[in-house]
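From the two separate chains plus the hints, produce the assembled complex.
Chains A and B supply the protein sequences, listed in that same order. Residue numbering for the first sequence is 0 to 452, as defined by numbering that gives the first Met the number 0. Residue numbering for the second sequence is 0 to 333, as defined by numbering that gives the first Met the number 0.
Treat the hints loosely; a few may be bogus.
Stated by the list, open to error - Covered stretches of chain B (in silico footprint by chain A; criterion: 3 or more residues with CB under 8 Å from a CB of chain A, positions within the stretch not fixed):
| id | stretch |
| --- | --- |
| 1 | 16-26 |
| 2 | 107-116 |
| 3 | 171-185 |
| 4 | 291-304 |
Worth flagging that the hints you see were computed from the coordinates, not collected in a lab. The beta carbon of each residue, even a glycine, is placed where N, CA and C say it ideally should be.
Now for the letters of each chain:
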Amino acid sequence: MRMPKSRWTVRLALGLALGAGFGLVGGAGQSAALVEAVQEDLGVIGTLQYTDATGAKVFIEGVELSIDDVGGDTTDKDGNFRIPVSSPGEYSITLNTATLPDGVTLKDPSRANLVVKVSENADQRIIFPLVTGDTVAATSESKFSVRRVSQLTLEGLKLGLYLAMASIGLSLIFGTTGLVNFAHAELITWGTLMAYFFNIYGLVGTFGFLAGWPAPFGAGVNFIIATALAAVMGGVLGYGLNRVVFRPSRNAGVSLLAQMVMTIGLAIFLRYVFVYFFGSRYRVYKDYAAQRANSFLGMELTSRDATAMVVSIIILIAVGIGLGRTRTGRAMRAVSDNRDLAESSGINVERVIAQVWIFGGALAALSGTFFGFDTVKWDIGARILLLIFAAVTLGGLGTSYGALVGALMVGIAINWSTLIIDTELKNMTALVMLILALLLRPQGILGQKQRIG
Amino acid sequence: MDWGFIFERSFSAMIGPEVVVYALAAVGLNVHFGYTGLMNFGQVGFMAAGAYGVGVSVFWLGWNFWVGIIFAFVYAGVLALLLGLPTLRLRADYLALVTIAASETIRLLARSRVMRPITGGVEGVNQFAGPFYDLSPFELGEFYSFGPFKYLGRDVWVLMVGWTLLILITLMVRQLMRSPWGRTLRAIREDEDAARALGKNSYFYKMQSLMLGGMIGAVAGVIQVIQKASVQADTFNPVITFTIWTILIIGGPGRVWSPIIGSSIYWTLIVFIENTLRQLPPDLRSTLEDTVQLSDFNIAMLRFILVGLGLMLLARFRPQGIFGSREEMALDSR
Numbered sequence: 000m001r002m003p004k005s006r007w008t009v010r011l012a013l014g015l016a017l018g019a020g021f022g023l024v025g026g027a028g029q030s031a032a033l034v035e036a037v038q039e040d041l042g043v044i045g046t047l048q049y050t051d052a053t054g055a056k057v058f059i060e061g062v063e064l065s066i067d068d069v070g071g072d073t074t075d076k077d078g079n080f081r082i083p084v085s086s087p088g089e090y091s092i093t094l095n096t097a098t099l100p101d102g103v104t105l106k107d108p109s110r111a112n113l114v115v116k117v118s119e120n121a122d123q124r125i126i127f128p129l130v131t132g133d134t135v136a137a138t139s140e141s142k143f144s145v146r147r148v149s150q151l152t153l154e155g156l157k158l159g160l161y162l163a164m165a166s167i168g169l170s171l172i173f174g175t176t177g178l179v180n181f182a183h184a185e186l187i188t189w190g191t192l193m194a195y196f197f198n199i200y201g202l203v204g205t206f207g208f209l210a211g212w213p214a215p216f217g218a219g220v221n222f223i224i225a226t227a228l229a230a231v232m233g234g235v236l237g238y239g240l241n242r243v244v245f246r247p248s249r250n251a252g253v254s255l256l257a258q259m260v261m262t263i264g265l266a267i268f269l270r271y272v273f274v275y276f277f278g279s280r281y282r283v284y285k286d287y288a289a290q291r292a293n294s295f296l297g298m299e300l301t302s303r304d305a306t307a308m309v310v311s312i313i314i315l316i317a318v319g320i321g322l323g324r325t326r327t328g329r330a331m332r333a334v335s336d337n338r339d340l341a342e343s344s345g346i347n348v349e350r351v352i353a354q355v356w357i358f359g360g361a362l363a364a365l366s367g368t369f370f371g372f373d374t375v376k377w378d379i380g381a382r383i384l385l386l387i388f389a390a391v392t393l394g395g396l397g398t399s400y401g402a403l404v405g406a407l408m409v410g411i412a413i414n415w416s417t418l419i420i421d422t423e424l425k426n427m428t429a430l431v432m433l434i435l436a437l438l439l440r441p442q443g444i445l446g447q448k449q450r451i452g
Numbered sequence: 000m001d002w003g004f005i006f007e008r009s010f011s012a013m014i015g016p017e018v019v020v021y022a023l024a025a026v027g028l029n030v031h032f033g034y035t036g037l038m039n040f041g042q043v044g045f046m047a048a049g050a051y052g053v054g055v056s057v058f059w060l061g062w063n064f065w066v067g068i069i070f071a072f073v074y075a076g077v078l079a080l081l082l083g084l085p086t087l088r089l090r091a092d093y094l095a096l097v098t099i100a101a102s103e104t105i106r107l108l109a110r111s112r113v114m115r116p117i118t119g120g121v122e123g124v125n126q127f128a129g130p131f132y133d134l135s136p137f138e139l140g141e142f143y144s145f146g147p148f149k150y151l152g153r154d155v156w157v158l159m160v161g162w163t164l165l166i167l168i169t170l171m172v173r174q175l176m177r178s179p180w181g182r183t184l185r186a187i188r189e190d191e192d193a194a195r196a197l198g199k200n201s202y203f204y205k206m207q208s209l210m211l212g213g214m215i216g217a218v219a220g221v222i223q224v225i226q227k228a229s230v231q232a233d234t235f236n237p238v239i240t241f242t243i244w245t246i247l248i249i250g251g252p253g254r255v256w257s258p259i260i261g262s263s264i265y266w267t268l269i270v271f272i273e274n275t276l277r278q279l280p281p282d283l284r285s286t287l288e289d290t291v292q293l294s295d296f297n298i299a300m301l302r303f304i305l306v307g308l309g310l311m312l313l314a315r316f317r318p319q320g321i322f323g324s325r326e327e328m329a330l331d332s333r
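In isolation and in its complexed conformation, chain B is listed as follows (with noise of 0.2 Å):
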């Protein structure tokens, strides 16, 4: 087993783009749920809004890429509105039944045969990423080493421009629910009924935190299909959502930080255990498949069946994350 290139796999999942992607997902459930309560169970539809918005028009509609961008987060708002409507006054599974359907059937509708002129079918969109990587400034082909960590010059610039990103829109969330709007937000989120109370418009203040939060799900998207440098309709599974949740949970709901802590645990626990399986002696190897069929699409599988245990697990016996507090919790209040 060559345990130099597994740690060298880890250590750069610990900041690589997978976790600036999640980290930023998480950071617009976080606003959802952490700080207003919100089940939003299809993140991954405003993640894949953003990726369509930003491939669509700037490679089937031709517009600049920046005003691509643009439209993209203006496209995610108006999703999140639009989803907002018919749910928001209601309980909050309501919300949670709609999320993972529109999500899902976004999927769909992007993937199909009607809509391949548009959004390129299965196979999906790609070349519209170019002036993204013109501006970089290292060489995109090359192997950069910054300490244990190592990457190509591309990836090198997304995750430059991805943290700085994921940073400022960190520091811009915490201070919006330093003040008296993120305020009344936790309010809501602790007793609806007692804000509304106070003469606050809770309908309103839950449809602004969810058009905030997706439109920050956007930007993982962008961010995701730039690093790809291409949008496919199967990379929006509804899995995603549910390791965005979990990799909120394992941070903590509520808490600043807790999206970047989340998703550097969670991948760089991933990366570890898929490369420790992919590396394992060859004769150890093959007797786990013979006994438990650890195939390589297997190991992939195991991914999936981690996170749904660990978010029941944690569900069930830490709502409040590794590291979060119980105050924080929106999880366990009602």
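Extracted from the complex, chain A is given alone in its bound form (with noise of 0.2 Å):
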């Protein structure tokens, strides 16, 4: 018997997922105006630097740049330049080598001019790497630096935090119904997506936006407000998936391999509506697109992801003792462990189902919010769909605490990777990860050795 309240709980959370589904369709004409009212004013950025021979950063004055038929400028003290620019487009940005300082040169003498795509609503930062003659001799000598291996480590967990968010509602959706949903990755997607569009244009023209209702817009919410709310529109989504598409073809004994070949469906359909709606673009957010790092301990972070990193730290110990200690928590694993048992215990298993599908989708939206802080791009989710298997396999498949482990091992050994790879290739190891653990521990580092079957 389900109570009236929560019937009306399902149509509000049904209203707007399908809202935002259909109503993308009426307000997708206004998404031009709309990026036109943002740019306001564009530039090509950058900050000319160089590491001597103490590891320290210095700063380069008084180098010229400049754009053809656009403009120029030169580095201040902090080496920092900017060039306005009219319009988005290419631009092609030369450096005058000849004001450099003596000893420094460009890693790669033959990129003074480079090409920089300006586009939409935000400054382009381009780089120029600059060495000089010792630095050169300095990393030679030390690829496997201490302070190298530090950073990667410091890179890896950071990865590895944001996977392991991404990867705890995949696990625990095949924990709980035995699904492998390879549509994970858009709900990552769904969450950067979501925190782009409330940073720029705000809660009332996102909702109007996804409603199809007219202009004027709102201006963008801070930040830190977007990715509270693409975590609830990522909840929306996971709710409104298994209660539109999973819970009915459960309940019709649509067979477990069906209900997967329906995922992948459902993965290349999401995918392409947001290439359709949000372009093949890169873009990124309003606030903390582009920051300088600050080191400590020879180590370099952004404070935005030392930020990032610290939440994720909290938001996964609350998850794991809200999974070892709440009453909701209890029942997901005991769903996990065996669904039968657990309902023949009274647990009602479809709503535990609902309820994971709801945390899960959260967690991966902001997860994804996360991802998006270098660029969003329509397929952000997809790009990392083989790190999010490897570490829910090699975490064990299925696990709650898994998912948690198997991505900060996942994390770490990509960054150190690099370390004999091409950075290029690092993904790459998330594959050799999968196969080695399928080979040599099947059912994942937590897992029990019953599930492999």
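In structure tokens form, the structure reads like this:
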């Protein structure tokens, strides 16, 4: 028996999810106008710096940079420059190497002229890598230096924490329903895109956009609020997917393999709906888009990333406590461990599954907002799907805490692997880990043997 | 609107080069999924293996074109072996995880800077298909018409070879599946424990199935890159795998001719829809562009939205496919 109140919540959540789905169609036309409204002030920015022999950063003053037919700038005492441009597009920016201080050269001397693509609504940062004669020798002798390894460990920890948030939902959904949700990556992308929309258009603007209301729209909300809103929207989408797609399928007795193919169909559908309305261009959040890294203990981290890491740690601890101590969390673990036993001891399994979808969707969306710090892309989730699979398999598919362990291991291993292999290939490490895990311990680190069947 | 043009395109798409390529890949997937019940989510990886096998060995290593083709098949077989080793003893979804991850890794590796000297990076490889077109009895640059169909001479030659291969391979698969070996595969699909209880080494059979289907996928890849005359990493996107899945489920998994029927239906529909949308009257077109953002780019994206939606609905409501039978259906049985 369902209470009228819960039925009302169902309607509300469904209304929101469907409104989001259909509203996109109506609101799409206004997006072009909206985008123009925010691009008040565009420019190409950058900071010229090099690392001296002691490892300290030196900012270079008085270097001339120019864009043909647009203008130029000279770096200030912090090494910063900014050349304003009038419209988005491609610009060719030239660094006048004659103005560089003695002994400082471009890392690749042929790249004094770079083409930069300025997109809407944000300054475009460009990097001219600079070296001095001393640093070349210093870096080549110490590839495995303590500094570099600790920096990579920190980066790995960051990736691992974000991945852990992204993976927990996948693992729990598998645990409670036996379904490998290939559309989980799209929940991550959804989070990134929602945070972007809230950050640029604000609450009224985004919901208005989703519902197809006419302009004008409000200004964007602060990124921190946008993040929280994105997590809520992630929960809404997770709930909606379970309610509209997967719960009816379970009730109709659709086999798990067929449901798995459905998740793939859903993933492709959502991914290309995103690119349809969001476009294939890369964008950036309005807030915290580019920050200079702070140094501590020889490692570098922007305060943005540091905050995100702390938030992730707090959330993951809360998730751990929640799963271990609260009624809901214990019910989730009980259903994961043995669905039939949980059901016969009076746990409402369907309710727990709905909670897992909401909770997993919200966490995935939240991780998506963090993954989108550098660039917001329509396929940002699909790009890290491999890492998530590796994380959950390594930790043990279906275990509650396994995803956390696996994610941290994958994050750190991937970054360490760049000591040996090219950065571009670092994600391949995840495939190797996935295959090794399946060969050596297919149930995962925290998994039980009977699951692998 | 130019309906004549739209129908000419749609008719030509019905038996065009894409139909051959996707049908061949779907025949391979049918061996995996339709007959053995293997969840291969990385068929495009085998196509890429075939494509790069021939492209790289001919263009960069300077091998004979025909030796390159044989190398492509061997390469795809080895890839299947490597993917099967860790996964085929485990439950079905682990193979799905590893194959989708591997196919995407192959693409990223092929387009990476490090591999550029071998694979040509993002630009890819071209100028390797000459020996194939040298044998063509048709003028490569001229149009040939047969009834409602109209193709360039080079495509006619690709189509002749492609359809011959497709039909031969389909018949080969049919005979194989009627043999004791094929019956064992289907027994494994229906009930692996029972097959093992009867003394069949299911791991061994599944491995053979994975390798056979993978090598058929490589044939698809080879024909695709010969037709395009270039190998490019980004054409081997994971979404291709799921287009192949959609095609297989349209036709009905576990049936001999379903890949060809599915592929033909899929491509006719897609080409018809895309060309109709592109040919809409200008005022209607601009209205649609203003309201639902129907730009040229988005018309191309629409195809994948439809694939996703179609795959989801087929798996939910008609897993045996439009023409399939429930008895030959792996998606339904477990």
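Taking the hints in turn, this is what the structure says about them:
Counting residues of the stretch 16-26 of chain B whose beta carbon lies closer than 8 Å to any beta carbon of chain A gives 0, which falls short of the minimum of three for the stated coverage. Remark: the stretch 107-116 of chain B is confirmed as covered by chain A, as 5 of its residues place a Cβ nearer than 8 Å to a Cβ of that chain, reaching the required three. Proximity of the stretch 171-185 of chain B to chain A, defined as three or more residues with a beta carbon under 8 Å from a beta carbon of that chain, is not established by the 0 residues found. Interface restraint, the stretch 291-304 of chain B with chain A: holds (8 residues with C-beta to C-beta distance below 8 Å; minimum three).
The structure shown violates the earlier hints numbered 1, 3.
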